[in-house]
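Asker: Chain by chain, the residues:
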Amino acid sequence: MSTASRIAHSEAPPRLFHRLFIANRGEVAVRIARACDALGITPVFAASTADRGAAYTAGREVVCVGPGRSSASYLDAKALVQAAVQSGCTAVHPGWGFLAENPVFASLCEVHGLTFIGPPAHVMHLMGKKTPAKAAMRAAGLELIPGSDGILSGADEAEAVAERVGYPVLLKAESGGGGRGMRIARARDEVARAFADAQAEARAAFGDPRVYLERLIEGGRHVEIQILGDRYGGAIHIGERDCTVQRNHQKLIEESPSPALSADERARTLDAAVRAAANIGYVGAGTMEFLLDEGGVLRFMEMNTRLQVEHCVSEMRSGIDLVREQIMVAAGHPLRLAQPDVVLEGHTIECRINAEDPSANFRPSPGTIARWQAPTGDPDVRVDTHVQTGYEIPPHYDSLLCKVIARGDSRDAACDRMIAALEALVCEGVPTTIPMHLQILRSEDFRENRYDTRTIPGWP
Amino acid sequence: MAHVPLVPIGAPREQITDETTFREHREALAEREAKLKAKRAEVHAGWGDKYKERVHAKGKLTARERVDQLIDPGTRIFEVGTFVNDGELFGGKLRSPGAGVVTAFCQVEGRWCMVIANDNTVASGSWWPRTPEKIERAQEMALRLRLPTIYLVDCSGLFLPEQSKAFPGARGAGHIFKMNALLSASGVPQLAGVFGDCIAGGGYMPIISDRVYMTEQAYMVIAGAALVKGAKSLKITSLDIGGPEVHVHQSGCADVRVPDDEVLIDCLRREMRRLPSSAAPFYRGDAGAIDPLHPTHELAGLLPPDHREAYDAHQLLARLCDQSLFWEVMPEVGEEMICGVGRVGGLYAGFIINRQGLVGDPEHPDGKRPGAILYRGGIAKIAEFSRSCDADGIPIIWLQDISGFDIGAEAERQGLLAYGSSLIYTNSTNKVPMFTVLLRKAAGAGYYAMSGLPYDPVVQLSTTVSRLSVMEGRTLAIATYNTKLDDDFEIVTDDPEERQQIVDGMKAVEARIEADMDPYVSARQMDTDEIIELGELRPYLAALVEMSYQAIGYRRIKNPRIWSLHDLEVLTRGVR
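In order, the protein sequence lines correspond to chains A and B. Under the numbering used here, the residues of the first sequence are numbered 1 to 460, in order. Under the numbering used here, the residues of the second sequence are numbered 1001 to 1576, in order.
Be careful, since some hints might not be right.
Away from chain A, derived, C-beta distances all over 10 Å, residues of chain B [stated by the list, open to error]: (1) Lys1060; (2) Glu1109; (3) Pro1129; (4) His1175; (5) Lys1235; (6) Tyr1311; (7) Pro1370; (8) Ala1380; (9) Ala1411; (10) Arg1555.
What follows is a list of derived Cβ distance ranges for each label pair [claimed, not checked]: (11) Gln1525/B <-> Asp156/A: 40 to 46 Å; (12) Ile1236/B <-> Pro132/A: 54 to 60 Å; (13) Pro1331/B <-> Arg193/A: 46 to 52 Å; (14) Pro14/A <-> Pro1331/B: 40 to 46 Å.
For the chain A half of the interface with chain B, some residues (derived, Cβ under 8 Å), not all of them [stated by the list, open to error]: (15) Ala77; (16) Lys78; (17) Pro103; (18) Val104; (19) Ser107; (20) Val111; (21) His112; (22) Gly113; (23) Pro120; (24) Ala121; (25) His122; (26) His125; (27) Gly207; (28) Asp208.
Source of the hints: derived by calculation from the structure; they are not laboratory data. Ideal Cβ positions, reconstructed from N, Cα and C, are used throughout, including at glycine.
Whole structure, please, built from the sequences with the hints as guidance.
Answerer: So this is what it looks like as structure tokens:
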């Protein structure tokens, strides 16, 4: 544990919110409640009927916010705000997923007297818009994926830009999402067609025909930077995380530092990222996602304006409690740490363990956990979870069971410690992804760092 | 409750209307808006390339080029009065696009201002009939919003063949200088750049300004060389009579001489930097401008172009307010009207809009009555809302789609005349900036009651489907031929000839009113300030609301040219 955080944790809890509403469920709800406990704040859990009796809420204040279907509970902004107000809370933590990046929810909290723990709604909104977000990041000196300077005026401009940035190129809808409104062109004669198709699909799907162009970078590594900002223009980074091991865009393993990033590029981008966060008035915890291209350059893709599932990787390396800092900053405290106070030590790795069957094409497997035993005793292993023996996994939500985080002096040491921890983890009753994780961690490709976003090392 | 309890309103497009209807509406509107774009382009072209080249040959910029260079890069102008004099011919054959002057809300160094630029591609910036009124209207807007006003002067004087229409009246050319004086007296900063001719009345327009810049091509004279030659038998150039050599150094009527247009425009930008910055970020607090959740571009498919077709007014508000968040005030009473508060560009504004279709009737709880009409409850509600916004300093946006007041025995018994008067008193005495939008119908006393132009909104905008009139053509045709019609409005006579006459007559009345309701007629006559595309409505409103919060131009400090001390000097010591 770094010096800075040892001091921070020995302090008496500061004066801040008395009651905090957790507008989320499961593992993240437990994580937020832990920070509340440390700060002397009473957490109030939102729970759908499917989660109401869950063990992780035992002994806690709970407000039922609707049925199991998340659209009528964890995604119902009005119901959540009403529950928070009526339960006497003054702050709302959205966790991740659900409404965490919804600026309407953030505004709704603010106008009804609740402090939303996250950035201001307009900053969230800006980062949710593709080309304005990129323009703001470029202004701060971050590298972008080469492409058009905002929205394309027509097929002619698309062709000109494609010739400049090189093929293949990707035409993307400004209002797009979920893969719709995207087209690839691999040569000049494909650009006009791809532009027209992307535009037509964008108009049909989103009512907004605006399209921009980027060079398509195939492969590459997914690297992200953890940012923390306060209300007064202060911002720091807590290093980077490498999340290249993914399956269908779902992250499986995250680690810090990135084993593929050069020291110069790391230093340059971390600096620029902090500057960018301060420029846009970022408040709270956020993550800037980059693609590390074949030339070793980090190129900004998007910013997640919330706490990430994998934030624990940065916490273990820095000794900083990010949720605690989020709450403090939201209550108006200036950042207590300056950049030199952030000491990043050793290597940390995280595995997300899901209730999925890797031998049956990762089919989600809800059910009851007959026996659960997480590894204990090693201070360099952390397990974040909301499950225990007898826990019934509801079918409505994602299948994350727990996250195991391990630290070591080197990447190999961290991996070995993780293997030992995963071997010690007992989960009976439902299949889990542990076997896959073990196979990856033991594979030569992973250990030798031979993979990109297209392949899972050690897994067919 | 000290929080502004905004809640999400509106629904996704697919839940409101089917794809076909939406597309049909959008296409019908697109046709009208294509015409609008074409007509705007025509005005922007002035008298065309030949005159543009003539300006360039003199080493000068055109009025629109000056405006483009003046504004902050990446911003757009919000023009008003584009279609003044639209379609009219003067001196028998001459068009005056935009009445020969560009008037537009512009952002310069982050501060909103009113720019008034003589169009030097139209008869060398002459003042046509209605040019003075258009300039005065722009000055009035600047005065109401306390916006710094920038004059880009290049004006050869009154278009003399039509002088009787622009010179003598209450709003004749001289009234521009009265407005100059009132702006100054109210503390609104005025800047002038003189780029060329500045003759007679034109000469007064710049010099009440706080700072006057002249290029080396500019002169300001009470009378130009031609008149001096005639009256005093003197041969002398206008530049010698009133160029920078005279006015900057001898008379003090201008402050600074600069070599050319480009430098002058940079100087004006520098002056704007010296003014206080906008207070809008202060009033926004920690809020910021955020697009509506339900996209604004959908307005074009949600407002049916046919004024008889109903729609859900909440869906329009959802596409105008930031994040589609709105606080509806008094929703239980007068449900034919919707009023409440939303944010536009992060700043609070009051919205008042007519509900269309059928609405509840408090007198007959089992029945329904048509919306888009003012009944007692709605009138009282919007009067009270209007007063409250005024008391609270919140700008008001009136969104009209109104057929008029309720009529008949019940309406009179309820005293609609009196409730309407209370509303009119309120709107007439409000100090807060009010903006009126004629979405579609703007008929009869409804147009007045909802702050139509006769009630001095700061700006009134029309859409391409606005219909401004006392009543619909069909209604007037029936009223005109009342004695010839039965109770079902059928023509009574059996004589085929007379029947045909009545049919033709009714058609003619209807056609005449229909033609009058054309928004371009309103815009030509200055009965509305601008015609805009529906997709531009939110940007216009966001700009106007931000101007309302800008709060520059409240401190009265007269510039030395108009100090009364100078008069004392002359009176006591004689002319220097």
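Asker: Under 8 Å is the threshold here; is the Cβ of Val104/A close enough to any Cβ of chain B for the hint to stand?
Answerer: Holds, because the Cβ-Cβ distance from Val104/A to chain B comes to roughly 5 Å (cut-off 8 Å).
Asker: With chain B as the partner, please determine if Gly113/A meets the hint condition of a C-beta pair closer than 8 Å.
Answerer: holds (5 Å)
Asker: A range of 46 to 52 Å was offered for this pair. Does it hold for the Cβ distance of Pro1331/B and Arg193/A?
Answerer: 51 Å Cβ-Cβ, so the 46 to 52 Å window holds.
Asker: Would the least Cβ to Cβ distance between Ala1380/B and chain A come out above 10 Å?
Answerer: Correct as stated: the minimum Cβ-Cβ distance to chain A is 27 Å, above 10 Å.
Asker: Hey, does the Ala77/A contact hint survive, CB to chain B under 8 Å?
Answerer: holds (7 Å)
Asker: For Lys1235/B, is the shortest beta carbon distance to chain A beyond 10 Å?
Answerer: holds (55 Å)
Asker: Given His112/A as an interface hint, is its Cβ closer than 8 Å to any Cβ of chain B?
Answerer: holds (6 Å)
Asker: Does the claim that Glu1109/B lies outside the interface with chain A hold up, using a Cβ gap greater than 10 Å?
Answerer: holds (19 Å)
Asker: Would the stated hint for His122/A survive a check requiring a Cβ distance to chain B of less than 8 Å?
Answerer: holds (2 Å)
Asker: When the nearest CB of chain B is found for Pro120/A, is that gap smaller than 8 Å?
Answerer: holds (6 Å)
Asker: Mind verifying the non-interface call on His1175/B? Its CB should be farther than 10 Å from each CB in chain A.
Answerer: Its Cβ never comes within 10 Å of chain A, the nearest being 43 Å, so this holds.
Asker: Is 40 to 46 Å right for how far apart the beta carbons of Gln1525/B and Asp156/A are?
Answerer: Holds, at about 43 Å.
Checked against the numbered hints above, the structure violates none of them.
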